[in-house]
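Q: This is what each chain is made of:
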Amino acid sequence: MSYHLETADKPEQLRRVAIDPVSRVEGHGKVTLLMDEANKVQQVRLHIVEFRGFEKFIQGRPYWEVPVMVQRLCGICPVSHHLAASKAMDVIVGVNCLTPTAEKIRRLMHYGQMLQSHALHFFHLCSPDLLFGFDSDVGKRNIVGVAEKYPETARRGVLIRKFGQEVIRMTAGKRIHGTGSIPGGVNKSLSIEERDQLLKDVYQIVGWSRDAVHMARELHETDPSTYNSFGIFSSHFMSLIGKSGEMDFYDGKLRARDEQGNIFFDAVPPADYEKYIQEEVKAWSYMKFPFFKSLGKEHGWYKVGPLARVQNCNSIPSPLADAERREFIDYAGGLPMHAALAYHWTRMIEMLHAAETIKDLLHDPDILGHDLLLSGERKAEGVGMIEAPRGTLIHHYGVDENDLVTMCNLIVSTTHNNQAMNEAIRHVARRYLYGREVTEGLLNHIEVAIRAYDPCLSCATHALGKMPLTVELRDCEGRLLHALSRDA
Amino acid sequence: MSESFTLDGKTIPFAAGQTIIQAAADAGAWIPHLCYHPEFKPHGSCKLCTVKVNGRHMASCTTQAQAGQEVESNTDELNEERRTLLQMLFVEGNHFCPSCEKSGDCKLQATAYELGMMTPHFDHFYPNRPVDASHPDILLDFNRCILCSLCVRASRDVDEKCVFALSGRGIDTRLIVNAASGRLEDTDVALTDKAMQVCPVGAILRKGKGFAVPIRQRTYDRSPISDIALKETSLALPAVENKP
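In order, the protein sequence lines correspond to chains A and B. Numbered by my numbering, the letters in the first sequence go through residues 1 to 488 in order. Numbered by my numbering, the letters in the second sequence go through residues 1 to 244 in order.
Keep in mind that a hint or two might mislead.
Listed below are the simulated EDC-like cross-link pairs for lysine to aspartate or glutamate, each with C-alpha atoms no more than 16 angstroms apart in a straight line [stated by the list, open to error]:
| hint | chain 1 | residue 1 | chain 2 | residue 2 |
| --- | --- | --- | --- | --- |
| 1 | B | K209 | A | D403 |
| 2 | B | K207 | A | D400 |
| 3 | B | K207 | A | E401 |
| 4 | A | K174 | B | D221 |
| 5 | B | K207 | A | D403 |
Derived from the structure by calculation, the hints contain no laboratory data.
Generate the whole structure from the sequences, applying the supplied hints.
A: Right, dumping it as structure tokens:
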């Protein structure tokens with residue numbers, strides 16, 4: 001199956017333009033455009049050019065090592081992999097229900113992760129585009145430029161992220177790549193001192209997060225013709241949903257809606273994901289293309305992440321975030337919003353929910369408990385599913401009778417959005433680049449569409465991308481001895 | 001204890017029959033080591049405890065203390081050689097600290113930190129070593145074995161089982177277990193064996209217990225190995241004799 005602008009008829013006769021690497025996203029990817037002599041775009045592809053191999057080399061390792069090992073997939077949201085693998089290994093060790101302390105510590109860890117990752121994405125990676133304009137001066141279009149012109153915005157972004165990382169450090173042991181979650185529970189709870197340290201700042205973080213939602217909303221309201229249609233791609237949505245239809249990042253069952261917002265499937269247990277989702281491999285990308293089996297690969301594409309979650313749930317179980325969710329639904333006019341830039345607005349609603357949830361958990365005495373670990377009857381297979389910052393994350397393992405992993409299947413959040421990102425950049429290419437002379441600003445429109453999805457292209461950390469940089473060596477009297485510059 | 005030698009200029013008294021490393025430990029001076037353990041006869045294989053005795057390189061775990069020796073240990077030259085030895089140990093095996101459950105409790109890692117080893121320097125060998133997970137309670141991960149022989153000595157001299165042995169020579173030396181099948185499940189090793197307690201790295205592990213101790217509470221999170229090793233020495237039982 002070939003899609004419009006996915007494969008040109010005669011590529012050898014076309015001019016190739018590459019965005020390599022795509023900047024201000026996590027990991028390495030590139031975009032290629034094939035254009036004819038009249039600058040008409042004939043082919044647009046987002047390629048993922050790294051191969052990680054985790055699914056293979058995890059095989060033969062003991063199961064208890066997996067939650068720590070697989071989180072090395074990512075430097076931005078390792079907690080997601082850490083917890084998804086832990087949940088799968090909970091099944092392996094026969095624990096269906098954690099102790100209250102263990103579950104709440106894991107939730108605290110995860111919501112800290114959502115907070116820091118969403119803050120990083122919105123403030124550090126995307127705010128330069130949103131505040132300065134997509135084709136503004138490339139030398140200023142970065143977090144340093146934001147810090148110069150909007151110092152309070154940049155400061156809040158840094159401090160919200162820092163708070164989320166502190167939550168992670170206190171629950172997982174380290175800000176990045178901790179070991180807090182283990183099969184059947186956790187290895188630590190919070191001390192009173194740790195809890196009080198977080199409580200001191202959490203109300204400020206809730207307030208700033210609410211302001212961030214309003215900032216994202218104002219961007220939409222200021223320029224609705226752009227924000228409501230840029231990179232638009234109608235598709236199904238999918239996310240985990242809590243027991244009562246509420247938003248739940250840590251646990252739940254799968255729900256999907258069609259592009260009109262009607263429920264397509266619901267209450268699907270994580271262990272049954274293979275009955276509903278299949279993956280296609282394409283020769284030009286290392287990232288697979290998942291789709292709903294019942295719709296086939298021609299029509300089964302879907303979106304995950306904040307835009308899906310906010311519109312898929314019945315409610316958000318924290319009052320401020322739920323009020324913002326309702327405002328968003330009203331703004332969309334009763335039908336699902338599919339515009340790529342609406343990801344930012346919904347992402348900030350989720351960040352507010354994460355902050356409120358952290359606040360509530362910090363007031364729960366269970367997080368100080370000491371009943372941390374359970375065990376049960378060993379199983380041979382386990383699926384762990386979680387809503388990572390970028391969307392639904394699936395970890396599936398088989399473990400043999402000697403406790404070694406025999407099978408591993410990971411469907412990471414960004415993979416679900418693969419087709420959606422490709423469609424978004426094709427939409428942007430048709431609208432902004434078709435028949436025009438390509439400029440850096442126009443190419444950045446392509447990157448803006450990709451960034452909206454907050455892709456973690458290799459689950460690695462390259463937060464600032466390829467920024468312009470000048471390093472000057474001066475002597476003690478300020479005389480310039482040597483200068484080195486890198487262009488954007 | 002009337003006789004003494006000097007270690008980096010400091011006077012170290014010793015009792016008859018003591019090695020340099022034993023006398024140094026009793027005096028509160030740490031000499032880096034991996035294959036040495038105060039409860040066992042020295043093996044002298046890792047060479048990390050090499051010092052200069054009157055200008056000559058000697059393994060301090062096998063060299064008898066003698067009156068008037070001038071011993072150098074904590075010098076730039078010797079520590080550089082120790083870093084090189086550590087680097088070789090790291091690249092000869094598959095030591096992936098980020099996902100190793102022994103991280104924070106590992107003597108190899110802690111010694112590398114203490115001596116300021118910043119990179120592996122050499123090309124990794126990436127040897128293809130299987131994991132023996134056949135035993136229901138114990139995991140044997142040959143990827144991390146540094147051939148210190150402590151499990152061999154503990155199993156032979158304390159447990160009196162001879163479960164472990166080193167086989168082969170030179171770069172082909174490897175740890176084997178005493179079973180015709182070559183599998184740990186067919187030996188009489190038990191969780192309570194001394195051999196289960198002495199592995200300095202993550203080669204011999206209790207199954208299903210990994211990462212139970214949180215970061216900041218692991219052995220070498222609390223104190224550097226230079227302090228911990230001296231405490232271990234002060235609490236150690238007398239060294240056992242080699243059994244024939």
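Q: Hints first: check each against the structure and report whether it holds.
A: Hints and how they fare:
Between K209(B) and D403(A), the direct Cα distance comes to roughly 12 angstroms. Compliance with the 16 angstroms bound is thereby established for this hinted pair. For a cut-off of 16 angstroms, the pair hint linking K207(B) to D400(A) stands: about 14 angstroms separates their Cα positions. For the suggested pair K207(B) and E401(A), the alpha carbons sit about 12 angstroms apart, so the restraint of at most 16 angstroms is met. Between the alpha carbons of K174(A) and D221(B) the distance comes to roughly 12 angstroms, so the proposed pair stays at or under 16 angstroms and holds.
For the given pair, K207(B) sits about 8 angstroms from D403(A) by alpha-carbon distance, which is consistent with the 16 angstroms threshold.
Violated hints for the displayed structure: none, as all numbered hints are satisfied.
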